[in-house]
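Participant: Based on the sequences and whatever the hints tell you, model everything.
There are 2 protein chains.
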Amino acid sequence: MAPVDPALLQDLRVRVGDALVTDPAVLAAHAHDSSRAPSEGMPAGLVRATGTSHVSAALAWAHEHGVPVSVRGAGSGLSGGAVAYEGGLVVALDAMRRIRDIDVANRTAVVEPGVVTADLDAAAREHGLFFPPDPASARWSTVGGNIATNAGGLRCVAHGVTADAVMALEVVLADGRVMRTGSLTRKDVVGLDLTSLFVGSEGTLGVITEATVRLKPVPEGPQPTFRASFPTIEQAADAVAAIVAGPEQPEVLELLDALSVEIIQSFQPTGLPAEGAALLVGQTAGPGAIERAESILELCRALGATDGHVSEGDDLLEARRLANPALTAKGLRVSCDVGVPISQLAAVFRGIDDIGAAHGRRVAVVAHAGDGNLHPTVEAGESADEIAAAERVIDDITRLALSLGGTISGEHGIGSVKRHELPWQLDEAALDVQRAIKAALDPRGILTPGRAI
Amino acid sequence: MAPVDPALLQDLRVRVGDALVTDPAVLAAHAHDSSRAPSEGMPAGLVRATGTSHVSAALAWAHEHGVPVSVRGAGSGLSGGAVAYEGGLVVALDAMRRIRDIDVANRTAVVEPGVVTADLDAAAREHGLFFPPDPASARWSTVGGNIATNAGGLRCVAHGVTADAVMALEVVLADGRVMRTGSLTRKDVVGLDLTSLFVGSEGTLGVITEATVRLKPVPEGPQPTFRASFPTIEQAADAVAAIVAGPEQPEVLELLDALSVEIIQSFQPTGLPAEGAALLVGQTAGPGAIERAESILELCRALGATDGHVSEGDDLLEARRLANPALTAKGLRVSCDVGVPISQLAAVFRGIDDIGAAHGRRVAVVAHAGDGNLHPTVEAGESADEIAAAERVIDDITRLALSLGGTISGEHGIGSVKRHELPWQLDEAALDVQRAIKAALDPRGILTPGRAI
Ligand SMILES: Cc1cc2nc3c(=O)[nH]c(=O)nc-3n(C[C@H](O)[C@H](O)[C@H](O)COP(=O)(O)OP(=O)(O)OC[C@H]3O[C@@H](n4cnc5c(N)ncnc54)[C@H](O)[C@@H]3O)c2cc1C
Ligand SMILES: Cc1cc2nc3c(=O)[nH]c(=O)nc-3n(C[C@H](O)[C@H](O)[C@H](O)COP(=O)(O)OP(=O)(O)OC[C@H]3O[C@@H](n4cnc5c(N)ncnc54)[C@H](O)[C@@H]3O)c2cc1C
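Read top to bottom, the protein sequences are chains A and B.
The opening residue of the first sequence carries number 1 in UniProt numbering; numbering runs sequentially from there.
The opening residue of the second sequence carries number 1 in UniProt numbering; numbering runs sequentially from there.
Quick caveat, the hints were computed from the structure, so don't treat them as lab data.
Each statement offered as a hint is correct.
Which bits of chain A does chain B cover? Going by a derived footprint, with three or more residues having C-beta under 8 Å, they are:
1. 185-191
2. 366-376
Chain A is nowhere near these chain B residues, computed Cβ spacing over 10 Å in every case:
3. Val-16
4. Ala-37
5. Arg-100
6. Glu-126
7. Arg-139
8. Pro-222
9. Glu-298
10. His-359
11. Ser-416
12. Gly-450
Just so you know, these numbers come straight off a predicted model, no measurement behind them.
Backbone N, C-alpha and C fix where the C-beta goes; we use that ideal spot for every residue, glycine too.
Facilitator: In structure tokens:
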């Protein structure tokens with residue numbers, strides 16, 4: 001892209017006033033997200049919207065002048081979706097952070113897109129409610145970003161993904177028009193389901209400027225955590241399948257392979273048990289939570305667990321929370337987000353082992369196991385060659401997941417990082433339909449061009 | 001439409017062979033659905049597909065020649081979506097009725113679109129699983145029709161709508177191309193969510209030829225039913241709001257107003273209690289189901305219920321099941337499908353009373369109350385004038401629901417019957433986006449033209 005003509009930027013300033021930021025330090029800080037996607041250069045400006053009208057004016061301007069726009073919540077995304085374009089415009093939503101309403105009777109909240117996930121959850125808890133989506137990034141990520149990526153997290157096994165929590169949206173379309181989707185009722189079948197179309201659309205179809213989301217009542221009583229160690233990851237995977245098929249539905253069900261456990265222990269000892277063993281950690285909630293955790297452990301023992309422990313607090317999840325920083329600190333930095341049907345968990349773990357061995361690289365796996373969603377992370381140096389070599393491992397793991405009936409992305413989305421994998425999963429007709437919808441809604445291709453679709 | 005040229009029809013016969021039916025009796029039987037939508041004339045032919053290739057060939061033919069196509073499952077729809085076009089083609093899916101797979105470990109089923117809802121449920125129950133969607137039409141409606149209308153039903157209050165049960169689809173696009181959407185994993189964020197776009201699309205974007213759906217484990221133990229009578233419908237509505245907000249989540253929570261109760265009693269006495277009283281009926285399932293039903297009744301009594309009863313069988317739902325035939329038999333024949341947020345239930349009932357009085361017409365209301373979804377049914381003679389007068393009552397009720405934050409359709413969809421109401425709920429931009437997507441996917445406008453969008 002050629003640099004934006006200064007007169008054009010002046011026109012934008014007339015439309016949005018001080019919301020337009022051109023300070024190079026601010027622009028640089030908003031040019032990348034939390035993924036390994038490389039920077040694509042410096043944007044020409046950033047609109048820090050404080051209301052829908054800023055977003056609308058910014059997109060109308062970009063649409064008129066064909067300026068590429070990146071859309072940004074907190075920038076915690078892991079697939080490159082919020083990376084800025086050289087000479088482009090960044091639309092930043094982090095200043096639109098008001099919780100407009102919490103409706104206790106209907107268990108809904110109306111929020112601006114920049115509200116931090118954990119802040120909404122905390123506000124809901126003051127009314128005995130909670131916000132179900134809980135990506136591990138909840139303390140930074142925004143609700144708008146969660147919706148745009150259809151974020152997952154730890155509680156999905158019990159409460160579903162972000163899509164399940166979204167009822168209605170306000171969206172600014174590529175040409176600046178404002179549209180409302182959905183309704184405040186629990187059921188609504190009125191024309192095409194545009195709400196679902198925008199959930200997970202990664203900034204390619206419009207900018208979400210308000211969301212009405214579902215809240216749930218906080219379950220009464222203790223929410224114990226539990227853990228169990230298994231001699232082999234396959235045994236642990238089979239235990240996951242058995243737990244998911246059983247009556248004691250857990251709130252959280254996570255799996256760490258032996259290498260992850262070892263790395264977490266060496267990063268910050270949290271008193272994890274058996275060396276060389278895979279670790280299942282989870283949580284139960286609601287009626288009989290402690291008994292249900294115990295009975296899950298019994299099932300685990302019957303399936304080969306060498307030890308097991310229930311705690312009334314949520315401390316047993318601490319090791320899981322340390323996984324990301326620990327792996328990065330120890331040089332495991334190239335990760336992916338594949339998913340498989342639950343029945344294929346043991347098979348995918350076995351295959352990942354073989355792939356790591358074939359490439360001669362260590363691969364640690366942390367999984368939202370109850371959903372069949374895995375984050376294998378490959379060891380790599382910092383050089384481009386090293387990253388590329390690790391990405392070849394990821395490609396093999398991804399093809400393996402697909403061969404087992406799986407998906408290339410369970411929760412992080414496509415962005416730029418996984419775009420080359422799209423045709424591995426989607427057929428030609430589906431790719432065509434995606435492109436046709438994109439062209440229909442954003443004919444000039446200004447919104448997050450070249451990503452996700 | 002001018003009649004289709006016989007040579008064209010011959011070309012279709014070459015493509016689909018004996019699947020093409022032109023017998024006038026068969027065509028007439030497939031020209032309308034179960035709604036009050038008038039017939040639009042006789043179709044030129046019907047393709048009774050026995051496989052995806054028939055559907056693909058039929059749509060490719062219609063696309064080439066610009067022939068309007070209606071898509072039909074069981075024809076139990078209540079909004080006119082499956083009504084045939086004069087000189088058009090009917091694509092009938094009822095012969096594609098194989099259950100291809102029930103995967104117990106992953107709790108999924110793969111079905112052809114013409115499988116009858118109750119048949120899938122019965123097949124799943126042989127494995128201790130069930131199919132959550134349960135429209136009152138489950139014994140006739142097809143799974144494809146349920147998906148195309150995003151059908152609701154009695155168990156939605158506990159298990160959500162059909163959309164929540166759909167994981168992946170095979171769809172034939174307007175030009176005959178075959179596309180797959182979704183994945184077999186519990187989480188999947190790969191490009192735009194085309195699965196959700198086709199759910200509820202009422203035959204306007206493509207024909208569903210296969211679906212992968214979620215099954216759930218049948219809860220252990222008894223599934224008692226309960227009922228409670230209330231002196232006023234507002235008290236009953238407030239009880240619904242309290243139950244939904246409480247800890248004892250029911251499986252089913254239905255409300256019949258005093259007029260419905262009276263009509264059902266005079267149609268077929270089922271031993272219903274108090275005259276002139278509104279009736280709440282429901283069901284609980286899972287751990288402590290009987291105690292939970294009792295505790296729901298206690299709450300009802302505290303909120304004014306004059307009597308209450310729990311039964312270990314599901315007999316207390318019988319009156320609810322008789323509602324449709326009873327109302328029709330007694331001349332209440334023009335119904336609608338509005339929804340409101342739970343907190344507005346009492347207000348909408350009060351308003352419906354006033355509207356009925358203002359028009360001087362009896363209105364009986366049966367509601368999937370736990371979802372805030374109401375089916376008011378207006379008394380009318382059979383003449384066109386009478387129907388039109390009753391439709392004016394429906395229009396007023398619909399505007400009332402919208403003014404309370406509601407929806408024009410909770411579960412039956414738009415079809416032709418509610419199309420004039422679309423702009424009451426959707427803004428200009430949303431209508432435009434719907435049309436743009438329709439034009440992108442069906443540029444010749446052959447699929448269910450002039451309906452739903
Ligand atoms: C340590 C760590 C842990 C994580 N754990 C999880 C996890 O458990 N589960 C999970 O799913 N993800 C996880 N993530 C990834 C990330 O946090 C999520 O994808 C999150 O939803 C992104 O939110 P954000 O506000 O940071 O969005 P951004 O990164 O700013 O943007 C993400 C995408 O959404 C688009 N977007 C953002 N806001 C809007 C809007 N208002 N309108 C339209 N488009 C918009 C952007 O254009 C971009 O394509 C993790 C990330 C980190 C760094
Ligand atoms: C007595 C009675 C009770 C009812 N109770 C309920 C209820 O409780 N809840 C509820 O939601 N509905 C209810 N309905 C309405 C109706 O049964 C549902 O809408 C049902 O989902 C329609 O299924 P069908 O197979 O009969 O579809 P049809 O009536 O044949 O078609 C309905 C729509 O779906 C489209 N369609 C059908 N199959 C496909 C396909 N394979 N691909 C693409 N499009 C397709 C058609 O074009 C049409 O627009 C009831 C109807 C009756 C008569």
